[in-house]
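Residue numbers (our numbering), protein chains in the order written: chain A, 309 to 619; chain B, 309 to 619; chain C, 309 to 619; chain D, 309 to 619; chain E, 309 to 619; chain F, 309 to 619.
Certain hints may be false.
Copies of the same chain look alike in the list, so a pair counts if it works inside one copy or between any two.
As the list claims (entries may be wrong) - Result set (DSS-like, lysine-lysine): computed pairs, CA atoms no more than 25 Å apart in a straight line: (1) Lys490 / Lys511; (2) Lys551 / Lys593; (3) Lys520 / Lys501; (4) Lys311 / Lys603; (5) Lys386 / Lys311; (6) Lys457 / Lys593; (7) Lys545 / Lys591; (8) Lys501 / Lys457; (9) Lys490 / Lys509; (10) Lys593 / Lys466; (11) Lys509 / Lys457.
Bear in mind the hints are in silico, worked out from the structure with no lab data behind them.
There are 6 protein chains.
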Amino acid sequence: MAKIQLIAGSSHPHLAKEIAKLLKVSLTPIEHVRFANDNLFCRIETSIRGDDVFILQTSVRPVNDGVMELLLMIDAAKYASAGRITAVLPYYPYVRSDKKDQPRIPVTARLIADMLQTAGADRVVTLDLHALQILSFFRIPADQLLSVKLLCEHLRSKIESNHTVIVSPDVGGLPRARFYAKNLNLPLAVMDKRRDKQSQKVKMGVIIGEVKGKHAIVVDDEVNTATTLLETVEALKTQGVRKVSAMCIHPAFSKDAQKKIEQSFLDEMIVTNSIPIEEASKKIKVLSIAPLLAKAIENIHHGQSVSTLFE
Amino acid sequence: MAKIQLIAGSSHPHLAKEIAKLLKVSLTPIEHVRFANDNLFCRIETSIRGDDVFILQTSVRPVNDGVMELLLMIDAAKYASAGRITAVLPYYPYVRSDKKDQPRIPVTARLIADMLQTAGADRVVTLDLHALQILSFFRIPADQLLSVKLLCEHLRSKIESNHTVIVSPDVGGLPRARFYAKNLNLPLAVMDKRRDKQSQKVKMGVIIGEVKGKHAIVVDDEVNTATTLLETVEALKTQGVRKVSAMCIHPAFSKDAQKKIEQSFLDEMIVTNSIPIEEASKKIKVLSIAPLLAKAIENIHHGQSVSTLFE
Amino acid sequence: MAKIQLIAGSSHPHLAKEIAKLLKVSLTPIEHVRFANDNLFCRIETSIRGDDVFILQTSVRPVNDGVMELLLMIDAAKYASAGRITAVLPYYPYVRSDKKDQPRIPVTARLIADMLQTAGADRVVTLDLHALQILSFFRIPADQLLSVKLLCEHLRSKIESNHTVIVSPDVGGLPRARFYAKNLNLPLAVMDKRRDKQSQKVKMGVIIGEVKGKHAIVVDDEVNTATTLLETVEALKTQGVRKVSAMCIHPAFSKDAQKKIEQSFLDEMIVTNSIPIEEASKKIKVLSIAPLLAKAIENIHHGQSVSTLFE
Amino acid sequence: MAKIQLIAGSSHPHLAKEIAKLLKVSLTPIEHVRFANDNLFCRIETSIRGDDVFILQTSVRPVNDGVMELLLMIDAAKYASAGRITAVLPYYPYVRSDKKDQPRIPVTARLIADMLQTAGADRVVTLDLHALQILSFFRIPADQLLSVKLLCEHLRSKIESNHTVIVSPDVGGLPRARFYAKNLNLPLAVMDKRRDKQSQKVKMGVIIGEVKGKHAIVVDDEVNTATTLLETVEALKTQGVRKVSAMCIHPAFSKDAQKKIEQSFLDEMIVTNSIPIEEASKKIKVLSIAPLLAKAIENIHHGQSVSTLFE
Amino acid sequence: MAKIQLIAGSSHPHLAKEIAKLLKVSLTPIEHVRFANDNLFCRIETSIRGDDVFILQTSVRPVNDGVMELLLMIDAAKYASAGRITAVLPYYPYVRSDKKDQPRIPVTARLIADMLQTAGADRVVTLDLHALQILSFFRIPADQLLSVKLLCEHLRSKIESNHTVIVSPDVGGLPRARFYAKNLNLPLAVMDKRRDKQSQKVKMGVIIGEVKGKHAIVVDDEVNTATTLLETVEALKTQGVRKVSAMCIHPAFSKDAQKKIEQSFLDEMIVTNSIPIEEASKKIKVLSIAPLLAKAIENIHHGQSVSTLFE
Amino acid sequence: MAKIQLIAGSSHPHLAKEIAKLLKVSLTPIEHVRFANDNLFCRIETSIRGDDVFILQTSVRPVNDGVMELLLMIDAAKYASAGRITAVLPYYPYVRSDKKDQPRIPVTARLIADMLQTAGADRVVTLDLHALQILSFFRIPADQLLSVKLLCEHLRSKIESNHTVIVSPDVGGLPRARFYAKNLNLPLAVMDKRRDKQSQKVKMGVIIGEVKGKHAIVVDDEVNTATTLLETVEALKTQGVRKVSAMCIHPAFSKDAQKKIEQSFLDEMIVTNSIPIEEASKKIKVLSIAPLLAKAIENIHHGQSVSTLFE
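Sequences and hints are given; from them, build the entire structure.
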């Protein structure tokens with residue numbers, strides 16, 4: 309019967325090894341090359357004919373090198389007669405570019421979906437997308453894994469139900485915040501931040517909902533510059549919260565973000581390792597998604613349900 | 309040069325005539341037939357070779373007859389050598405079925421997109437979609453027109469800024485509510501309604517945000533059974549609002565909805581005629597989107613920007 | 309190994325159960341919903357990953373609801389990672405709309421084929437199509453089962469070869485009638501019915517071929533309003549036939565058709581249960597295609613020939 | 309504005325010239341080459357960028373060279389940036405192979421349709437197809453021109469209505485025969501020919517319908533070996549007809565067919581020049597379809613209806 | 309498990325039998341027919357549902373009949389529900405037409421690739437293509453087998469390294485010649501032949517590189533008219549070579565080529581049986597590729613590497 | 309009528325301006341953004357509905373950012389309803405990765421072709437591709453412009469025919485070298501460089517052909533590290549050439565390449581500005597392709613031949 313072949317891009321070698329270990333397979337040998345002319349190249353070093361190929365790539369800087377490397381691996385696997393190719397994308401590239409909210413702009417999350425299929429992917433596994441509709445940009449089966457169980461279980465024991473509130477840093481994130489709030493049986497609040505029409509300056513965010521004296525847990529799908537997160541923390545402090553935690557699934561930290569977090573009033577932050585981060589600090593707790601991804605790969609390989617893993 | 313051909317499905321003849329009049333064209337003659345075996349059929353009764361064909365169909369009951377009639381018209385136009393086929397869909401069919409939020413369900417809004425393209429549509433014009441990502445389900449140019457200007461202009465004069473609040477009936481609708489709130493420079497609130505974990509009964513909705521003593525304007529993209537809307541009205545009254553209005557773009561009223569609205573505490577309701585409604589009552593004010601659609605068709609025909617129409 | 313999953317649309321539950329029983333499988337649990345807004349929805353309630361999925365839907369009123377429900381089931385199964393999806397369509401929707409015999413009309417039987425493929429069907433099984441070319445509208449393997457053996461075997465013993473004639477009610481059906489005539493080794497006749505050029509009224513049909521004093525068996529692929537059938541019966545009586553039987557594969561009866569048949573000179577009628585009919589009357593004999601469909605599903609599942617089932 | 313470019317395959321230079329003359333255009337210069345290795349090649353010798361290209365090829369022996377030459381011309385025109393490519397196919401290749409009436413055979417008429425589209429045709433014009441469904445094998449606009457007017461007008465004056473009958477040489481051709489019969493207001497008959505079940509020999513054909521003492525006009529879409537035609541003639545003579553004419557649209561004569569016809573009891577035969585034939589004999593009258601094709605090309609070029617040309 | 313089904317076109321029955329014998333399978337029974345109207349037809353005479361189908365066709369005269377027969381077999385196999393279809397093409401049709409080196413010409417090698425996929429091929433196996441880029445004309449896995457080992461092993465013992473040189477008959481063939489030269493560890497030379505600008509006559513070829521007194525081995529991928537080959541031989545003799553051999557993979561001899569070779573100064577020629585040739589002469593040695601093809605089919609069937617067969 | 313819209317990627321602003329000036333158009337305003345998360349974004353700032361859009365991007369470092377930016381621009385233009393999108397690619401990305409010459413590698417030049425089409429390009433213009441077959445990786449019209457005229461005209465006056473030779477630095481480049489040699493009416497030579505089988509070290513290159521005492525002009529399509537070029541220069545010096553020039557179309561210089569050239573024995577080098585280079589040195593002469601590209605864009609826009617520009 310067709311074997312699992314787990315091929316790793318160069319984005320997150322540690323996660324790849326962790327998954328391979330859990331699956332009790334060796335990583336499929338692949339050579340990644342960057343030529344002197346900045347062209348990427350790869351060569352799968354063993355036959356994968358007819359096998360069940362999983363290609364792991366998460367989106368890290370430099371982002372476009374990661375996208376191209378992913379497409380090259382899929383192309384190589386397809387014409388090497390892979391039996392089935394599943395792209396495993398813990399942090400989906402260009403995930404925030406998911407709608408045409410201005411005229412004459414690209415919708416890059418959809419373009420990525422198109423390109424994965426053009427290159428030859430037969431299915432896709434993602435983790436906590438910015439918008440669920442991205443799954444339907446594909447014309448191939450696409451799964452979204454959720455880290456909600458992983459994150460909430462970590463937190464549950466530390467929460468006093470009557471004194472805690474889930475906060476979304478913006479209105480678009482409220483459905484996700486509500487999903488966590490339901491899971492933890494907590495109330496909700498949301499920050500609304502606007503530009504002043506005259507000055508065009510952003511006015512300080514307003515917290516909609518009751519937060520005074522409470523432990524606020526800010527929930528977001530990713531953190532990048534941490535600006536919005538820390539503005540939310542600031543607004544919450546102003547509103548008299550007792551303590552602020554944050555749960556951000558994808559730690560897509562830009563340059564100074566980690567330092568800014570360390571120096572902020574934020575008490576603690578929980579993230580997954582969907583993106584590799586430098587030595588986690590005291591404030592930032594990293595939970596591994598490797599067991600979730602490994603189980604998903606195993607279930608897909610054996611034709612078993614994936615939705616049961618996080619329901 | 310290619311002419312505008314405006315072909316109307318049988319869903320909304322009044323709107324079709326209104327648009328045709330504004331465009332100063334005659335509706336393209338088409339015969340719609342339902343055979344004794346319940347099969348639909350149509351015949352375009354004049355040559356449309358090379359012409360710029362716009363096919364107007366909004367989603368009304370029976371919904372699936374409307375979808376099939378639309379596909380039949382596109383198929384007939386395509387093989388009749390239309391120059392370009394634009395499907396004009398004021399109320400997009402199955403618009404709420406836009407994501408796979410449970411395992412093993414269809415995403416029908418995306419399936420509709422696929423079928424329109426398979427049948428032969430070259431472009432699509434929609435109005436106020438439930439989620440903007442639906443545009444990116446298409447691989448053909450797709451426009452979304454917005455009725456925000458139309459609705460807000462109607463309301464603006466009646467609003468006292470300091471005593472009015474925009475309310476979203478659920479967390480998913482908050483970005484739309486915020487869009488209206490920004491346009492009218494008003495604050496926001498949102499209703500959160502949950503099932504009790506033990507009893508599985510829906511608890512009464514909680515209003516997040518300040519509404520006491522204010523004029524609340526509930527904003528939603530569509531109204532169907534009106535249950536959620538009227539629950540929101542109820543919760544707002546409980547919270548001591550002074551008055552409640554509603555702006556719901558698509559009046560997709562199910563059987564008793566209009567009656568329930570008439571009998572409720574809701575003071576007034578503004579809708580568009582994206583869906584034909586029976587004689588509007590005193591409470592329900594209908595604003596016509598025909599000028600917006602006519603202008604969009606004209607601009608598309610002449611290769612001019614559509615986004616300028618509602619920016 | 310991949311299992312058979314037999315999923316039933318809501319068109320013909322009795323046939324579905326009959327086939328499931330013959331296959332010794334349980335029907336795959338699926339929930340069919342019609343929302344208050346007339347939108348259909350379905351949810352497959354058990355994992356079908358990698359399985360060999362057969363979706364049964366026959367075309368009954370309301371026809372377009374049936375088509376959409378079929379497409380929704382296929383869509384749900386595809387993105388639920390079905391191994392292979394076979395649409396089993398005993399009475400193919402819009403089967404008579406198979407050619408563009410006027411300008412600017414749809415060819416809906418072909419559009420249905422396109423949509424089945426767009427939704428995700430991998431293969432199709434049909435029964436006695438109006439025209440064999442419909443199979444070639446598909447770009448996926450498509451089988452046509454024939455009920456000729458079932459029907460002829462039922463009749464064979466009752467026929468006196470020298471005094472019986474097969475009659476087609478129109479010229480287009482003559483090849484089918486001839487196919488039955490060859491099977492039963494009987495001569496042929498055909499009715500030709502024309503409009504009077506001046507009056508535009510249909511003149512009574514003329515029987516071409518010898519029928520006087522014989523037992524005439526009218527063969528048609530479907531019966532709908534029964535108008536043509538009963539005109540044929542009338543014309544045959546006028547020509548002095550001794551007795552008239554009818555074999556019509558698909559009993560797509562419209563409202564009063566069964567009553568008109570009961571009251572007519574037609575002696576007996578044989579149909580299949582490709583479409584569910586109300587309590588069969590004394591005149592109308594219903595033969596079950598469930599064994600044929602069950603055997604076809606079994607053979608497809610095991611990679612065995614289907615053509616051998618009716619050759 | 310884009311010009312008509314009329315490109316001729318090597319199948320029927322005379323027809324190409326005739327059409328070009330009627331259109332008042334020069335044939336687009338093209339070089340057709342057969343290399344020493346039997347590979348075909350062509351080179352369009354003038355720029356056709358953006359032009360409205362019509363490629364004329366009828367199916368003559370050697371049939372497969374004609375098909376490949378056609379595909380090569382389309383390929384060359386596509387990548388030479390033709391504005392639109394219309395394949396004009398008076399006698400469609402493999403037209404009789406239009407259905408899968410045995411297991412495991414090709415449906416070559418559909419394969420041809422697929423290949424024309426793959427090569428780059430944007431539309432297709434055909435003449436009197438064997439089955440109308442072939443048009444729906446295409447996913448591009450496809451027209452069928454009919455020669456019925458041309459043929460019937462030639463015949464009309466020579467017919468005594470009360471003493472003439474239209475005869476189809478087989479049951480499959482009866483709808484076409486009926487179409488001609490309606491046009492000429494004449495009755496119908498049909499030949500049925502069967503194999504003896506024991507001996508497997510073909511028994512002589514039986515004429516169904518009244519022909520005695522009449523002038524019979526056999527109508528068929530094409531004549532190849534002329535075997536069926538001459539068997540029909542024979543059967544009609546046996547039944548006592550007074551005179552037999554034949555109208556066969558496509559003169560696809562195989563080797564001895566013309567000689568056999570000359571020596572037969574057939575009085576006269578009318579064909580079109582959809583296929584070039586050697587010097588027409590006394591019995592065989594050739595009517596030119598060039599005016600019909602030229603008018604169709606003109607109308608397509610100017611975006612006017614084609615169906616009006618033969619209705 | 310799915311079986312190997314080896315289906316042979318009519319191009320090279322001897323090779324088909326040889327491969328079948330090596331694979332220890334019977335050739336799948338297929339009937340090839342040429343109708344009186346020059347249309348080809350085939351019927352696969354046994355069920356191949358779900359099987360692993362290999363269709364063998366090499367390009368021989370008449371070339372276009374071979375291409376169409378190949379497409380018909382693929383079409384028949386596809387709609388007969390083959391599990392997988394691999395086209396095995398020892399001599400790829402139109403292999404030399406692989407680039408658009410003049411305006412407005414077809415690139416037929418790419419068109420062939422498109423048509424194979426349109427007809428339904430799932431993968432392709434070729435042997436020694438004129439240009440490796442042809443593999444990338446396909447969007448399905450495509451293998452190129454190489455006969456270099458077979459040919460070089462035959463020759464190795466006969467070569468005196470210090471007195472032998474590999475010669476390419478033209479600059480385009482030099483990479484192939486170099487590939488052989490590296491394999492045999494020999495130096496290189498190449499012939500350059502130009503037209504005189506004034507007279508437009510081809511001047512005699514010039515040999516670039518040292519050949520005097522040596523044994524020259526001309527390497528080419530195919531031989532057709534043998535004109536270039538014999539010009540090269542002539543030029544080499546003029547330059548004082550001691551002896552000339554030739555290795556030409558595909559013996560696509562046109563009419564008099566073999567005779568011309570016999571009468572030339574060429575000492576010996578080695579070819580494969582990728583194309584059937586008449587009784588090999590004393591000078592022409594034919595090596596069989598059947599073992600290579602059989603092993604490739606076996607490995608593909610069992611999901612094993614093909615590249616190992618000739619590395 | 310549709311206007312030319314010339315949209316420039318950020319790869320080569322100088323060339324874009326030069327072309328715009330020659331075309332007498334303004335560059336279409338576009339904003340290019342790199343977000344803090346390293347995601348690229350662009351917004352076309354004016355309506356391009358129905359216009360004839362040309363998107364200029366050449367491949368420079370960082371290569372993958374350039375590819376993604378190109379795809380984003382195409383995506384934005386497509387859904388902004390561009391009339392036609394032509395990608396103008398002076399130096400095609402990944403041009404050297406044009407064949408699968410090892411198992412299990414990507415063919416990235418073909419993948420790029422696929423992605424351009426998936427994103428929405430309608431046609432492509434390239435300049436001097438590494439292999440002409442790349443044009444046939446596309447299923448849209450693709451032009452290759454040649455700089456041969458530009459380069460040769462610059463050189464012609466400086467050449468003494470009898471004492472000059474064109475040299476290819478490797479066997480694969482010989483056809484290009486020959487093309488230049490024919491244009492300048494000069495003889496040919498080629499360098500062959502091999503690895504020693506035992507030591508695996510590259511042995512010094514051998515010059516095949518006569519070069520002693522001559523002026524050698526090395527011709528290559530691109531120069532990157534300049535290693536091969538300078539090895540060729542070295543080998544030529546060793547063989548006693550009098551002087552060495554080089555013509556390399558695409559100056560894809562890697563870091564130290566320009567410095568190494570300056571310090572080498574190479575007398576002079578001619579390149580185009582298909583890639584921007586830092587201040588050209590005394591040895592390196594840059595010729596502008598802007599006039600060629602501008603003329604090609606103009607001709608494409610007006611439906612005129614492009615091949616005439618360089619024949």
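List of violated hint numbers, smallest to largest: Of the numbered hints given earlier, the structure breaks none, since each of them holds.
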